[in-house]
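If you're matching them up, the sequences are chains A and B in order. Quick note, in this note's numbering, the first sequence goes up one by one and the last residue is 571. Quick note, in this note's numbering, the second sequence goes up one by one and the last residue is 571.
Any given hint might turn out to be false.
Beyond 10 angstroms from chain B on every Cβ pair, some chain A residues (computed) [claimed, not checked]:
hint, residue
1, Met-255
2, Glu-377
3, Asp-388
In the DSBU-like style, the derived pairs of lysine-lysine whose C-alpha atoms are separated by at most 30 angstroms in a straight line are [unchecked claim]:
hint, chain 1, residue 1, chain 2, residue 2
4, B, Lys-12, A, Lys-410
5, A, Lys-566, B, Lys-566
6, A, Lys-539, A, Lys-460
7, A, Lys-111, A, Lys-16
8, B, Lys-539, A, Lys-49
9, A, Lys-41, B, Lys-49
10, B, Lys-12, A, Lys-112
11, A, Lys-405, B, Lys-370
12, B, Lys-41, A, Lys-111
13, B, Lys-566, A, Lys-539
14, A, Lys-539, B, Lys-119
15, A, Lys-15, A, Lys-49
16, B, Lys-541, A, Lys-41
17, A, Lys-541, B, Lys-410
18, B, Lys-12, B, Lys-119
19, B, Lys-268, A, Lys-410
20, A, Lys-112, B, Lys-268
21, A, Lys-405, B, Lys-49
22, B, Lys-541, A, Lys-370
Partial selection, computed: residues in chain A whose CB lies under 8 angstroms from chain B [as the list claims (entries may be wrong)]:
hint, residue
23, Asp-45
24, Gly-48
25, Cys-165
26, Val-409
27, Lys-410
28, Lys-539
Hints were generated in silico from the structure; no laboratory data involved. As the structure is a computational prediction, the values presented were derived from the model and not from experiment. From the three backbone atoms N, C-alpha and C, an ideal C-beta is built for every residue, glycine too.
Number of protein chains: 2
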Amino acid sequence: MAFIFRVNMENKTVKKEAVPKAYASLGGRALITRIMVDETKPDIDALGKENKLIICPGLLGGTICTSTGRISIGGKSPLTQTLKESNAGGIVSQQLCRIGVKAIIIDDCAKKGEWYLLKVNADGIEFIDALEYVGKNNYELSELLKKRFDPKSGILSIGVAGERCYKAASVQVTSTNGYPSRAAARGGMGAVMGSKGLKAIVIDPPTGFSAVTYANKEAFLAAHKVFVEGVRANPNSGVGMPNLGTAVLVNPVNMFGMLPVNNYSSSKFDSDGVKKLSGEYIAEKMAARGGRVGHACNPGCIIHCSNEYVDENGKYVTSGLEYETLALCGSNCGIGDADIVAKMDYMCDDIGLDTMDIGAGIGVAMEGGKASFGDAEAAIAMLQEVNDGTEFGAILGNGAESVGKHLGVKRIPTVKGQAIAGYDPRSLKGTGVTYATCPQGADHTSGNLLGAANLNPIDKTGTPEASFGIQVAMCTMDSIGICIFASFCTADDPKYAVALADMLTALTGESWDVDRMMGLGVETIRLELEYNRAMGISKDKLPDFFCTEPNDVTGAVFDLTDEELKSVFPF
Amino acid sequence: MAFIFRVNMENKTVKKEAVPKAYASLGGRALITRIMVDETKPDIDALGKENKLIICPGLLGGTICTSTGRISIGGKSPLTQTLKESNAGGIVSQQLCRIGVKAIIIDDCAKKGEWYLLKVNADGIEFIDALEYVGKNNYELSELLKKRFDPKSGILSIGVAGERCYKAASVQVTSTNGYPSRAAARGGMGAVMGSKGLKAIVIDPPTGFSAVTYANKEAFLAAHKVFVEGVRANPNSGVGMPNLGTAVLVNPVNMFGMLPVNNYSSSKFDSDGVKKLSGEYIAEKMAARGGRVGHACNPGCIIHCSNEYVDENGKYVTSGLEYETLALCGSNCGIGDADIVAKMDYMCDDIGLDTMDIGAGIGVAMEGGKASFGDAEAAIAMLQEVNDGTEFGAILGNGAESVGKHLGVKRIPTVKGQAIAGYDPRSLKGTGVTYATCPQGADHTSGNLLGAANLNPIDKTGTPEASFGIQVAMCTMDSIGICIFASFCTADDPKYAVALADMLTALTGESWDVDRMMGLGVETIRLELEYNRAMGISKDKLPDFFCTEPNDVTGAVFDLTDEELKSVFPF
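Chain A on its own, in the form it takes in the complex (with noise of 0.2 angstroms):
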């Protein structure tokens, strides 16, 4: 039987409680959402005691279905001031859910100047005083635990930028390699786990019977079998993917005007550039280098769409180094080369930051004169300033908006405070609507729709429809704890998607049918919804520079209208 672990970091008690029936079919942002309306006013501090900090496992956590090894952890974030989820790869889930178990709800805050560890197995979670580790980033910390505890640990930290709630801090999740370099980087998670005193949560290697049981094991594999051919079937996580990593999309997304470049002032790099990002140069050169792409970042994942980074000299420099991060520090900062950007997701993933946020703000912060576009060595001296701890180090490290805002930039790509992806929203506009309107703030993975089959990018119609569907499904996703890649097939047919209900049926004995599964999406966004107009939370727009400006490549501007982005949700 599934249990949920509350831990109360001022007493630091921990109970171990029964799953309420409500809970039990939610997971993920779903059961996220779900508590933080339970047991939270809108109106707490997101680094104060009320604010909770919730570590689970989505629906499908644990089950032998590929890529469902993803670990959501969510509270009210500092960063957006609404509910936040943030979900990464690693080996964390599927240990916390072969002990059965369902959540981790950290409530209050350790006493100020006090700092712990939380050893967690499936007999209970033991405190452990972490002073010294205090003021260590996630590399040498993870090599620390992995000493002091069993080198397969699973392990959820935070660096020093956590430890000073900096609001772009990540938590960071060890990965298949052992290294902490998955990263829950979105909405500051790093900083609500630093507001509580806990610099670790270290979960012991599971033994012994796995507690996730099935009501109907054949039934699953049989779903299980249909699903994953969907998931080899579909061209992206099927073959890019594996091939190249997220890396796949710099040329098609450059080719198609979406690319940013020096703070989304332009969608023109320059080829060299362009290449040297690409997942393609990434590949040859770690093929060349003794690298790897195609690295699973957690246990069964047939995707492998991670990567190891290595110099020239085939020395590590970092794993998974993403799209997002080759556009948002790499051409965003008008840097093309992918050694500097791997160096950079080294410092971010150490420190704990989200590289997204730290991308969109040295853009910003160059914008801003502190340094030209494509100066690589300020780029990586500002990242050093944030470990640092200077004061533009601490601007910095909150995030893009907080530099925009000390510098008096104008152009800020942020929603609700929170720094957009590597898609331009003008070339991409259904995107751009997710942006906009997404309640957790600008998010991709909320409702990317680069590709949909049926729309223009550049053209608005049909975008805030198209929007509504994908964030209802992605938020279903980000529920079941399934990667977004392998949620991919479920658009090309819909025995995909019935395969993925079909699976939930057979796990747990109850009826799922597509709707009913969509239905997690659909009711945790309401929530949220209600959730932020409860904090005066209501405004959905892109910054204004979007929609004045037209982009270079495709001459777009973004042109939805409120009233249209106010169409997007039926509630």
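Following the hints, position chain B against chain A.
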């Protein structure tokens, strides 16, 4: 006939426009709000070309009525994002009225890198290149301008804070003593002026007859006689103010547990500190040192609330050392010495900063560990950082909320981004209601209930109604252009309000009564609330700590519910 100067900073054009009929019976705050509603969209960038800087006297400006020399400066505030009217004394209002200026509306922004002076007289406005003055603060600047132009010119100007668009930047106004010591300080109007590339406005001293004409001068004089009786009879404006200035409040405010001490963590200040901030002490010292109390900031004012503060050698330090500065830069920072606060006041006037948001910001910085409470050297060093434009200086220049967010301080005494005044809202709940609900952000002058006869300051009973009444009255007074202190008497006896309305009738030849007069306030507040709501600004509350931490003198917390706060405005 009065007229409007409309200035376009980008094109360097000036139009002299007739006053539209709808604006004829508006002035000050009412006129600014009306123009902003008519000519701008709520969502504009407060530091962008769509915002306006509007400068206008009140309805009774330029008349012989006492204390009507307030100059209103407004637009959309970069600090609060709301509409904002900030008014100051000094000699500018009367000079503008005398040449017939109903309002100066400043549109657009000068081209990047360009800076201008505007030289104003009845014939028109001349653009004068101001590059040579960039980087100069208000005291040096006004000396240079008085040398270059007529030394009796009235001047509105900004220091480096406004040039850099710091959100706590003031517009300084020259006083009767020639110093730029009167501040339209709240809401960052200096930043708006800076965003327009406008360094100063210089008004040629008017010659010849005044453009102000009376429909019935005899009736005006008769009504004025009644009103003056009221001003003289009021125990505060008639007696305490001329002798001690607003610093007269230090002792009673301290006695009633309303004094902010150490970032509102206490209202107990050491008795020596209270003494050395008090009006009585300042008056005694100024008498001994050869300073002045009982100075009038604008010609003809019978209240004389101001002072000229000199040091031990009799050398000028600052003028207009006010209660709010003594409270916010003094006890709120743990500093109990008027000599220090006078120096801080001078620096704020010179750099062009709101002493309230800056004092509150230094208090927050001290709470955040930047320095100890009471560390006067550190406080002055922080102000110097604002002047020097260091990273932290820019943060402090953006006000208390900016400092609190940067340092992760929980207790930030702001509402809608603006620092509250020097009255603890737990011990003066009526004023707390005004802080929470005023559409322009926390502002005591928009409705201070200190000393309200029928209210128990620590009991919430009746405060929503009382706050509404005083907010309407103060908005009306800020539209008439009469000093808040002169308006006190209208609460003593209805005949004084009647006298004010009678003066409006006698001036304009239209029929005014008290209802029509107060209607200015009602309609203006209604428009401001609408403007806010269109931007999604509707949250009216005080920072949580006032609701949870009892004041240590009175034991009171701020206990008005959301519903009670919502009930303040009937629209």
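Hint by hint, here is what the structure shows:
no.	hint	verdict
1	Met-255	holds, 33 angstroms
2	Glu-377	holds, 19 angstroms
3	Asp-388	holds, 13 angstroms
4	Lys-12(B) <-> Lys-410(A)	holds, 23 angstroms
5	Lys-566(A) <-> Lys-566(B)	holds, 26 angstroms
6	Lys-539(A) <-> Lys-460(A)	holds, 19 angstroms
7	Lys-111(A) <-> Lys-16(A)	holds, 22 angstroms
8	Lys-539(B) <-> Lys-49(A)	holds, 22 angstroms
9	Lys-41(A) <-> Lys-49(B)	violated, 39 angstroms
10	Lys-12(B) <-> Lys-112(A)	violated, 57 angstroms
11	Lys-405(A) <-> Lys-370(B)	holds, 21 angstroms
12	Lys-41(B) <-> Lys-111(A)	violated, 47 angstroms
13	Lys-566(B) <-> Lys-539(A)	holds, 21 angstroms
14	Lys-539(A) <-> Lys-119(B)	violated, 41 angstroms
15	Lys-15(A) <-> Lys-49(A)	holds, 18 angstroms
16	Lys-541(B) <-> Lys-41(A)	holds, 15 angstroms
17	Lys-541(A) <-> Lys-410(B)	holds, 29 angstroms
18	Lys-12(B) <-> Lys-119(B)	holds, 13 angstroms
19	Lys-268(B) <-> Lys-410(A)	violated, 44 angstroms
20	Lys-112(A) <-> Lys-268(B)	holds, 25 angstroms
21	Lys-405(A) <-> Lys-49(B)	holds, 17 angstroms
22	Lys-541(B) <-> Lys-370(A)	violated, 37 angstroms
23	Asp-45	holds, 6 angstroms
24	Gly-48	holds, 7 angstroms
25	Cys-165	holds, 5 angstroms
26	Val-409	violated, 10 angstroms
27	Lys-410	holds, 6 angstroms
28	Lys-539	holds, 4 angstroms
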